[in-house]
Amino acid sequence: MTRVRVFILAIALVAWPAALERFPQRWRPLIGAGASWVLAAAAGIPLGLRQHPLAAGLRLGGVAASVVAAIVGASPALKAVRTSMRERDIGLHPAAWLGLHIPVGTVWSEELAFRGVLQPMAIGAFGRGLGAVVQAVAFGLAHIRPARAAGDSILGTVLVTGMFGWLLGWLRERSGSVAAPMLTHLALNEAGAVATLYVSRSNVGLGRESASN
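Count along the sequence shown from 1, add 32, and you get the number used in my numbering.
Hints are computed from structural coordinates only; laboratory data are not their basis.
Being a predicted model, the structure only gives us computed values, none of them experimental.
Here a beta-carbon is modelled for each residue, glycine too, at the ideal position from N, C-alpha and C.
Label pairs and their calculated CB-CB ranges: (1) R180 x R91: 36 to 46 angstroms; (2) E53 x R160: 31 to 41 angstroms; (3) I40 x L62: 23 to 33 angstroms; (4) V36 x G161: 17 to 27 angstroms; (5) A181 x R233: 17 to 27 angstroms; (6) S234 x A182: 15 to 25 angstroms; (7) L62 x S98: 25 to 35 angstroms; (8) R180 x R233: 19 to 29 angstroms.
Please construct the entire structure, taking both the sequences and the accompanying hints into account.
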């Protein structure tokens, strides 16, 4: 029965992005965060956000976040990455993207649901190794719809996000706190967003300069 519950939760989390699209975009971050909070509260699984686990999570997460931010920040040096960033249609005000949609709608919501609830349940049902894989696979599959909407490779997105989900799960288990994967996830998305905005604005500036010459 425990394994059945895990699969039901995994399927629900994979389908959640499609359900969330039915709401106005400006409300999605708050609805997603609220739903994840209710899920975590109902599950009653310790999130490691108090005392010693929190300190351990902040330490490990800080190190991982620094490494991730440095790598992502340097990625525009690659031509393929710059091209992809230029072509991306954000569709949001930068302040809303950086200050609400990423930290609340993505990081908080996904970490509570996947690393806070699904992973401990999956590990309890399948063991540490397979449980971590179940969580990572579900995390990857949950990004199919966003990848399709952005015009990205679906297979590539699922593989990359799945591997990143496994890493985030490892950070959660290693530190005992969801703070570690939260910081790392936040660093990845915020650094990527800042780099995208920088490349996009640089491209606009170059276009204006070329037009004036």
